[in-house]
Amino acid sequence: MRECRACWHNFRIRAPAPIAGATTMQRRCDAVTSSLKNALLALGLTLGLGAAPAEAQNVFRFAFQGDIKSLDPYSLKESFTIGMHGAVYESLITRDKNLKYAPQLAESWETPEPTRWRFHLRKGVKFHDGSPFTADDVIFSANRVRAPGSNFQTNVPGDAEFVKVDDYTVDMKLKTPNPIAIAQFSTWYIMSKAWAEKNNAVQPSPPTATSPSYAALHENGTGPFVVAEHQPGVRTVFKKFPGYWGKVESNIDEAVFTTIGNSATRVAALLSGEVDWIDPVPLQDQPRVESSGNAVVMAGPELRTIFLGMDQWRDELKDSSVKGKNPFKDKRVREAFYLAIDEDTIAKRVMRGQATPSAILIAPSLYDRSAEIKRPAYDPKKAKALLTEAGYPDGFTLTMDCPNDRYVNDEAICQAVVSMLARVGVKVNLNAQPKAKYFAKVLAPGYDTSFYLVGWTPSSQDSHNILYEIAGCRNDPKSGRGGWNLGNYCNPKIDEIADKVEQETDAKTRDAQIKEGFDTISADWGYIPLHQQALAWGVSKKVTLVQRPDNMLMLYWVSKQP
Amino acid sequence: MLAFLIRRLAQAAVVLAVVGLIAFAMFRFAGDPVNQIVGPDTPVSERAEIRKSLGLDDPVLLQFGRYAGNVLRGDFGISYQFRQPVTALLAERMPATLELAFCATLFALTVGILMGVYCALRRETVLAKLFQAISLVGVSLPTFLIGILLIFLFSVTLGWLPSYGRGDTVRIGGWTTGFLTVSGLKALILPSITLGLFQMTLIMRLVRAEMLEVLRTDYIRFARARGLTTRAIHFGHALKNTLVPVITIAGLQLGSVIAFSIITETVFQWPGMGLLFVQAVQNVDIPIMSAYLLLVAAIFVTINLVVDLLYTVVDPRLRTSVGRTA
Chain L
1 MRECRACWHN
11 FRIRAPAPIA
21 GATTMQRRCD
31 AVTSSLKNAL
41 LALGLTLGLG
51 AAPAEAQNVF
61 RFAFQGDIKS
71 LDPYSLKESF
81 TIGMHGAVYE
91 SLITRDKNLK
101 YAPQLAESWE
111 TPEPTRWRFH
121 LRKGVKFHDG
131 SPFTADDVIF
141 SANRVRAPGS
151 NFQTNVPGDA
161 EFVKVDDYTV
171 DMKLKTPNPI
181 AIAQFSTWYI
191 MSKAWAEKNN
201 AVQPSPPTAT
211 SPSYAALHEN
221 GTGPFVVAEH
231 QPGVRTVFKK
241 FPGYWGKVES
251 NIDEAVFTTI
261 GNSATRVAAL
271 LSGEVDWIDP
281 VPLQDQPRVE
291 SSGNAVVMAG
301 PELRTIFLGM
311 DQWRDELKDS
321 SVKGKNPFKD
331 KRVREAFYLA
341 IDEDTIAKRV
351 MRGQATPSAI
361 LIAPSLYDRS
371 AEIKRPAYDP
381 KKAKALLTEA
391 GYPDGFTLTM
401 DCPNDRYVND
411 EAICQAVVSM
421 LARVGVKVNL
431 NAQPKAKYFA
441 KVLAPGYDTS
451 FYLVGWTPSS
461 QDSHNILYEI
471 AGCRNDPKSG
481 RGGWNLGNYC
491 NPKIDEIADK
501 VEQETDAKTR
511 DAQIKEGFDT
521 ISADWGYIPL
531 HQQALAWGVS
541 KKVTLVQRPD
551 NMLMLYWVSK
561 QP
Chain R
1 MLAFLIRRLA
11 QAAVVLAVVG
21 LIAFAMFRFA
31 GDPVNQIVGP
41 DTPVSERAEI
51 RKSLGLDDPV
61 LLQFGRYAGN
71 VLRGDFGISY
81 QFRQPVTALL
91 AERMPATLEL
101 AFCATLFALT
111 VGILMGVYCA
121 LRRETVLAKL
131 FQAISLVGVS
141 LPTFLIGILL
151 IFLFSVTLGW
161 LPSYGRGDTV
171 RIGGWTTGFL
181 TVSGLKALIL
191 PSITLGLFQM
201 TLIMRLVRAE
211 MLEVLRTDYI
221 RFARARGLTT
231 RAIHFGHALK
241 NTLVPVITIA
251 GLQLGSVIAF
261 SIITETVFQW
271 PGMGLLFVQA
281 VQNVDIPIMS
291 AYLLLVAAIF
301 VTINLVVDLL
311 YTVVDPRLRT
321 SVGRTA
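First to last, the sequence lines map onto chains L and R. Just so you know, the UniProt record's numbering puts the end of the first sequence at 562, numbered straight through with nothing missing. Just so you know, the UniProt record's numbering puts the end of the second sequence at 326, numbered straight through with nothing missing.
In isolation and in its complexed conformation, chain R is listed as follows (with noise of 0.2 Å):
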């Protein structure tokens, strides 16, 4: 077990090294840095002089070196646009990115368990196939048009929801959250839904897919025979068997709820880290550019190691496989 969390770790750092060599490749085809620090009228002697003080001017490799010498140092570097500390940055964004995530994760799980358990039990009425109907948009419209739409029907025209933004904040310690104004809370529907669409619409087809499944299952035909209560067998028997693969699935989509919640802030000038990223890749600010991609690996590899522990605390045939390979 020992040899294979250590194994995974080593797994873990390659990657995590991999990313940010990728990542310094393709900062050459971002653009030029300097044109977007320094005003119009620069002289072209004090532009180069700034190109050369960053170092843009080295080959990728020692750029990367630096970068990554600095990075076990804890030195994230200084943001080119803001000149604030990355790491300070990336902090202050952090909790407008995790909380807008949870909301988006408990939206899909709640509601795309209801409507797919409400599928599977009562396949054939109007409801069940608008259901579906439904989670086919939500599959298939990008998720920029859909942020326009909601903004469009529940703030221009309704007038109910703001279009932008996270409403009031409240400070504690370092970490702001929109949970107790109800500005806040109201900042956070349009988003969540915007965001958690795709993930409930795939947790409503599984669960659908899943409660069918199990409703065949022998034990469901014994329960019946039991004489035990419909409510019973549904919700006591049929859906928890179901929800394991869901769990899994759901686990697994938070990474990339958090990592690629770029769009939906976009749409919503939602002020977290996906925001932050498209502005410095706008920017070509390299140094919130290679932090954020690092942070995003990290957030991958660290779901990734826990689910694959978790695999083999949960199912004892992979514990002894490992063990032999060991």
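One chain only, chain L, in its complex shape (with noise of 0.2 Å):
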């Protein structure tokens, strides 16, 4: 029987078998008991220590389910980081909570002609560390922008001269005229010279950075709040900066702010009161955000425009039943397949609700002339005539890209578009992958894909970037145009609609040129919009702020009720 016990612990954990010595084990004990009487101590001097001061501070606090990235206001552009440098940064020109134009840093600025813009600096205002804010600052941010390693070049116009009128006059010089030179003004924050001077940091930092940048972690801004704390990844502490030049709206005197990427418990953090706002709520979860009672779902609509692209490039597609030849080179093909995919339902059903279809690849409240354009009607049948007109009367088969971690139900919308897809004769492998991995499949080098799922927000909000960067013909791997037209859908009149479009100064013309900008890519049907996804913000009831369709929360229009 000893001996059978023995092996049965070699064999199990290859343990000495329980004649071991006895003072061995003796002294394990009194390691655990040790231990044990470390933690009652601990315990008991925490029970001494825990008269912690009571916050007499009107905290708010929120979570997000990625990261603050970096603090460098230059460094990623992602909404979410770019609203929160807006707490501590500040731009010349702002957007208000409509998303139009509204002086900051600049006080206001006018075009004396259409090749130069002249702004007029706001007075009395003073960095975070106290320094003042001059015109040296927006010359000094102008190029830092601009440099190698920035994520933000696009913001502000290669082509422009930045110069120096007076200490509180910049002038900013362009080659051509750009009606949309501003556009992006308002995510371009104003840096302090002297601070990046002294902390190297004059240039951004690149993503192949070898050392560690000083302006990742700390921030010297103009804007109402300080960061009091950064731990990257973890979480951020806000705090009202005193010597701010403007009144803010919100009372908050303190904002924290944690990752909390597992739904569940971002959702659980909301409904237990620990936190007054989160990012994104799972549309599965909204129902009992609402019912609890202590928290609202806000679900206004994105930017964001949730398309499907094809290939309409290679001469022969990727994995299809189709050889010799490829079928989205025939127009039909492609209506067929726009008329073929039920918007409405993946709106009411996939979405739950909380999506609006779209005709265009802009969000409606970017273009004015938006609601002119409409989306043709679900008609499956007139779809599988043109399939059969196109010599596809058994349809064929075919592979299809789709995320299944980046937009809000991304993978569940492509399945439907399989089954849809199938109801016409055309079969569709899905091939569904985190957004790492679809990312290196579908975008450059390779472009790897037949027919993909893909979201975008127009960085610029206006039109003149889905026409550029979306609709324009990737034929030229240098310039940006087209970056992001997966498929290659290529017509040389949207090119030519764009280049006008970029320089165009009077608003009615230019609507009327992106209007047959658009009216093109829907007659060629060149790509098949889904819809605009809506946000969802859990917000506690004792909070009031501002959501923009821009999905960036604002720090200084939030309030809650101390």
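Just so you know, the hints here were simulated from the structure itself, not pulled from any lab data. Idealized CB from N, CA, C, for every residue including glycine. Among the hints, erroneous ones may be present.
Using 20 Å as the maximum straight-line C-alpha spacing, the simulated PhoX-like pairs for lysine-lysine come out as follows [said to hold, decoys possible]:
#1 L/Lys381 x L/Lys331
#2 L/Lys441 x R/Lys52
#3 L/Lys478 x R/Lys129
#4 L/Lys97 x L/Lys123
#5 L/Lys541 x L/Lys560
#6 L/Lys247 x L/Lys329
#7 L/Lys437 x R/Lys52
#8 L/Lys247 x L/Lys97
#9 L/Lys240 x L/Lys560
Quick list of simulated restraints, FRET-style, between CB atoms [stated by the list, open to error]:
#10 R/Ser53 x L/Ala523: 40 to 50 Å
#11 L/Lys329 x R/Val139: 53 to 63 Å
#12 R/Leu141 x L/Leu430: 24 to 34 Å
#13 L/Asp159 x R/Lys186: 55 to 65 Å
#14 R/Gly39 x L/Lys329: 30 to 40 Å
#15 L/Asn143 x R/Leu141: 52 to 62 Å
#16 R/Leu61 x L/Glu290: 49 to 59 Å
#17 L/Tyr214 x R/Arg66: 18 to 28 Å
#18 L/Ser131 x R/Asn70: 55 to 65 Å
#19 L/Val546 x R/Val170: 34 to 44 Å
Now the stretches of chain R that chain L is said to cover, found in silico as 3 or more residues with beta-carbon under 8 Å [unchecked claim]:
#20 19–33
#21 119–133
#22 272–284
Need the complex rebuilt from these two chains, each delivered in its own frame; the hints are there to steer you.
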């Protein structure tokens, strides 16, 4: 029996037989009890120290699924991070609650001639380190934002030359007229020249940097909040800046940001009152948040448009049953795909009503005449007839690429598309992957996809961006034109229109040109726009704040009942 | 003995090298880091340039060789997402993970041993059967589900304990501790239970089985015959001999508690190394992933080495056989 026991132990846990010396064991036991004692000691210590000072301050706690990646305002173009930077840094021209231009560090601006913009800077503004804000800082920031390693190079026109007129006046000289030269100024934050020079942060730190960057962990803006503590990926604490030049709408003294990646935990933290704001609330949890009584879901439309693209470039699709030709080069096939997809059902069922079907590739709020373009109705019969006419009476097979962790219910949307296309005889093999793998496959240089789903928000909040990046011909790898035109839908007419739109200063003519561009895309069946997904902020009932369609949380509009 | 140690250290080095190589071979399937570190409107040419300067176009072996060279010089690289040295990030996160692992192990040991002893001594009681049932739940329910259930019960419904994070921490030198604040201790409770539950049931079942075995042995019978009190027999003689395998198991499990706290840390947004690793995987942050994997491998190698050495100390028979083969 004894032998047996020993064998069994050796086999299972490679432990010596239990005849081991009692002294060793005793020592181990003692170790356990002594650590127990220590724990109790710590506990006692805590209860003694436990009288933590009560929070007299009004603290707003909030959680997002991702991080504030870096405090350097030129390091990464990502909506949430940019919004957070907006609490500590300021721009010359900002956007108000309705996304219209509003003065910030520039009190006013004018265009004395089409190629010259003059900015009158605000006086009496101080950076968080106490130094005054002047024209030199603007010129420094204009250079830094366009330096290699900056992720915001397109925010300021590349050909613009900044000239200091006096300490509080700056001119921006352009080579050609540009009506949207200031469209992205709201996220071009002004940094302090002296501070950057002192801390060796004159250049933005590129993604490939081999030494840590000071500006990534510290800030020195002019905004209403300062960063009191920043632990990357864990938490960031904002405090009011006492020397702020303006009046702040917010009544909070402190804002504590935490990343909560797990959706269930994030919702639980909101429901238990530990945080006052979360983003996003998963669709399936929204009824529970609404019925909890202490929080609501704010679900305004987002600027991002979800759409499908088709490879109209290769001579033969990859992984398709059609050999020797590319069915998407035939306009009738593209039309058939468009008509076979029942977007109303996707919006109602897959998105649970949290989506607005879309006829164009830009959000309606960003283009005044968008209502004039209507989405063709779902028509599977006509789709089938078009496929027959194009020579595919029995359909064909192809592969669809889809992310599964990037947009709201992205994989479920693709699954719905697959089953809808099956009804007209097209067999789609779905390849849904995490975003890290998905984008590696479908983006440059491979553009390895026949049929894909992508979401896009024009960073300039202007239609030109769509006509240039999404619908422009991708013929020159050096230019950014067509950078996200993954299927290379190409109509030279769009490029012509985009070039005109870029320089046209008359708003009415410009809108007409843009309309022509969008109409051309529709007539070519170049893309299949699906919808604008709804935002999904979970907000405590104690809090009032502003939800802009660009999905940026602006701390200076947040107020909380103390 | 020395030869044994040297051989084991050489083996450890080989294990680390193999882990690193396998990790590097697998990173190719994790996706493209460049798309995670630039914005959507970064031109194609710039993306290509970044990819090239990060050395991502090179063959795996070359990438691995370069990395191994840097590691040997003590340079673990800069995180792609945070633009901070990986060693600093890991050091910042390590206290959180170690404190959690410590509390989870402590919970598993105390509760597991108490329940195990009780189940062995009072086999037929309702409570013992209840413990047995609980232990089955602990073994079979996945960690994330247990965590979420606890959150919904204790944070959302009852509102007693926090659902995420570490609470307030106190910094002592390079170490941040949650042991010294009330909110820090409260924050430790749910994650420790979640992480320790599996080990607890394991220990409980082990203690119960061992104890039952020991209680049947001759020396316990003799002890009874000598007229010792039940208390002395159970706790003075039986429990002591039960604990040897328990402590071995607990030691070995400590490694996996540290390494596999990933899920618990994700559920509770516990700012430890496991969470850092999960975020790194999502963003294809290769420097963090490789450093973390190497660290975990090193932890396991060290624990195994220590355990092996302890065996030879504890059991003279192993020592002689080692001496003979060496």
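**Request:** Would you list, in rising numerical order, the hints stated earlier that this structure does not obey?
**Result:** Hint check: 3, 4, 6, 18 and 21 fail, others pass.
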